[in-house]
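Dock the two chains into a complex; use the hints.
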Amino acid sequence: MSNPKNEWPLWEVFVRSKAGLDHKHCGSLHAADSAMAIQMARDVYTRRQEGTSIWVVRSEQIVASDPAEKGSLFEPADDKVYRHPTFYELPDELNHM
Amino acid sequence: MYTQAMDLMAREAKPKVVKSAEDLQREEAFEARIAAGEFIEAKDWMPEHYRKTLVRQISQHAHSEIVGMLPEGNWITRAPTLKRKAILLAKVQDEGGHGLYLYAAAETLGTSRDEMTEALLSGKAKYSSIFNYPTLTWADIGVIGWLVDGAAIMNQVPLCRCSYAPYARAMIRVCREESFHQRQGYESLLTMMTHGTAAQKAMVQDAVNRWWWPSLMMFGPADKDSPNSEQSMRWGIKRVTNDQLRQKFVDATIPQADILGVTVPDPALKWNAERDAYDFGEIDWREFWAVVGGEGPCNRERLAARNKAWDDGAWVRDAALAHARKQATKAEAA
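Residue numbers (this note's numbering), protein chains in the order written: chain S, 1 to 97; chain L, 1 to 334.
What the hints contain is simulated information worked out from the structure, not anything from laboratory work. Watch out, some of these pointers could steer you wrong.
[As the list claims (entries may be wrong)] The calculated BS3-like cross-link candidates involving lysine-lysine, where the alpha carbons are at most 30 Å apart (straight line), are:
| # | chain 1 | residue 1 | chain 2 | residue 2 |
| --- | --- | --- | --- | --- |
| 1 | L | 43 | S | 80 |
| 2 | S | 24 | L | 43 |
| 3 | S | 18 | L | 83 |
[Unchecked claim] If you want the ones that stay clear, here's a sample from chain S, every Cβ over 12 Å from chain L, calculated:
| # | residue |
| --- | --- |
| 4 | 21 |
| 5 | 55 |
| 6 | 79 |
| 7 | 80 |
| 8 | 82 |
Even glycine gets a Cβ: it sits at the ideal position worked out from N, Cα and C.
One chain only, chain L, in its complex shape (with noise of 0.2 Å):
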């Protein structure tokens, strides 16, 4: 899973200190290490917006693996067979792990992981759009691996050559399973729609329908309005476009649902030999600031269930830690 285009965060304006000589010179040292490719660890000297920035990016992505396992969490239950079950407890357990990866490395930059699940608790915290549909069917669980981890790997690939470097190797373990994710959700799709009911394949098409765009939006906003993206692409904190990476999600997931015998809804999607690319329609962005602004069908919903769980978890949180300073006093008594 991933998180949604940082810029949604990143707006505010770089801070107007005076700066010291000394602090100038490090920024440009700063600069030159990450002009000459070079990875920045958790102890090197960085400047205050780059941290920032990586901060609310991390975070933002460990929050969405963590509610991104509500949705698909739904139908572990209701799987239709103990196969799919245990490939379903399977990813949702990866989603808990990824954003156990992504939390530790934000937390090398200095932030606390109470700080962190505080903010996602009480709302600051953005996660990722995509999160705030419902899964309302299981194809809609086929359809979340085929298409939302396909969107993350999209993203993700290139965040693995991030320049901080704890980000850039949390990413990496990411990905290599982030595969299996995706494969998963297209061969149950597949099964489906080569052994299914024509009741079966409606639900497929169905739920095909009702994901596409919000998987398009995973991207984030237009280039044109993502005034942040140039600083972001400067320092090598992203490496490619939101655009771009739109495209090339559009171009590679055509011929998947050719293969599947799914339709994508958008009368506009058409090949371009012209550009070697496919031309496809504009996004309803209303819908997608209407999301990640709390008004999604499920936004609600998500954080008071990941309330719930924080709050209805304080005890065993609270037993293990005085279990723990009990042992610890009996150790040195002994």
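Chain S with its partners taken away, still in its complex shape (with noise of 0.2 Å):
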């Protein structure tokens, strides 16, 4: 029983919430095949209108960014306030620039 193989795989769960957002990623589950974990998905993860489309992606896909790079990866962010609109200081009477 314990033998990995007979484990069904993992699959990713993404569940777009109603026509115009995006797709969010929800939870994973196993299923045999991409099939199975559609209708799985919608038993799980959408039983009460929480979806309208589903996304199922093999866990072993997901190509993820080390968690040990965060800083190297998105600390140089920190320090660029001027590409925010809120960096600009502009006259009042320009309203909703």
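Printed below as a string of structure tokens:
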């Protein structure tokens, strides 16, 4: 039973909650194939109208950034306030630019 | 539904291995993140004991959801109306879903689903003691929703702020659904107490009498007997102590019992104006430990049912996998 080869593969589930919004990661599940993964995702993650569309992808196919590189990847953005609109002070009479 | 407080199983001593300077440094950084209220994600470094404690707690919690389907499932075919049947089906399906969210959260810590299943089926893993009591009448179903799910909510709401993020996220989802469970149970009892016959009202009272103490036991051992609580509190795995939660549950539930028109079987129960809380009697801890230790009224039956379901489903799992492999091979060849 604990033969890992007989465990159904793991899938990551992404759900679009309503038209116009992004698919959002909501969890994972085991399923033998993609059709079953969709079916199960529907039962596990959308029992209360949480979704209008589902994506599933094999977990092993996801490539993720390394948490150890969090600093070098994301900290450079910390000191670039000029990338935000609020950095620029403009006269009030411009209203909402 | 909810698992028992984790202290039951978190008894193993801290590993006494010699730690390298690098590990100590990591541990310090980890403790600092926890102290700052940060969430820990699956791929972040974490101390081995933190990981083990979480695997144990989350998998026990998942097992509880799955085993918790059995006492209620017992009444699906005998629900008194189609409406109650549809509600009960939805609730039991939710419990299955909760089990799956939780297994998935535990798997992020590097344990496999099969390992967890194996631990449950062999009796190695624990699940909440509450599910080792039988559901004798239809009123038990209402009382489980009201008291057992009520206690579960008390327990689970603080877990939405658990330091381990995948667990916290699963708990947020669970809590969102749990409120329906409690309300449908209470409403079912209210219907019997307002419109029912004398016999039906007596049935509700009888169910409350049987489930009251086991519900209080869901919060786990008293604080003085929970030696590992402190570490779990410090690590943000646990946010509120067992006794605090139990008190909160009693204080919230007694007014609900009054509205329903039932009493709880505790002669020591009394409002304490000074504490602004209810005083209540002592739990029969011998019963608690006996049920946890496998000697409850239904421990054997529950495990047997899970084992049968697993064994009977083996051919389905194998066939689905064989089919998927065949399709994949065909697709490759094409």
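- [ ] Below or equal to 30 Å on CA atoms is what counts here, so check residue 18 (chain S) against residue 83 (chain L).
- [x] Distance ~29 Å between residue 18 (chain S) and residue 83 (chain L) Cα, so the pair holds.
Task: residue 82 (chain S) non-interfacial with respect to chain L [C-beta, more than 12 Å] - done: holds (28 Å)
Open item on the list: Check the hint pairing residue 43 (chain L) with residue 80 (chain S) against an upper bound of 30 Å on the C-alpha distance.
Closed with: OK: residue 43 (chain L) and residue 80 (chain S) at ~28 Å, within 30 Å.
TODO: Examine each Cβ of chain L, and state whether all of them lie more than 12 Å from the Cβ of residue 21 (chain S).
DONE: Non-interface label on residue 21 (chain S) holds, nearest chain L Cβ at 18 Å vs cutoff 12 Å.
Task: Agreement of residue 24 (chain S) and residue 43 (chain L) with the hint, judged by alpha carbon distance not exceeding 30 Å - done: holds (20 Å)
Open item on the list: Verify this label for me: residue 80 (chain S) is non-interface relative to chain L, using a Cβ-Cβ cutoff of 12 Å.
Closed with: holds (23 Å)
Task: Cβ separation check - residue 79 (chain S) to all of chain L, threshold 12 Å - done: Answer for residue 79 (chain S): holds, closest chain L Cβ roughly 21 Å.
Open item on the list: The output says residue 55 (chain S) does not contact chain L. Does that hold with a beta carbon cutoff of 12 Å?
Closed with: holds (16 Å)
Of the numbered hints given earlier, the model fails none.
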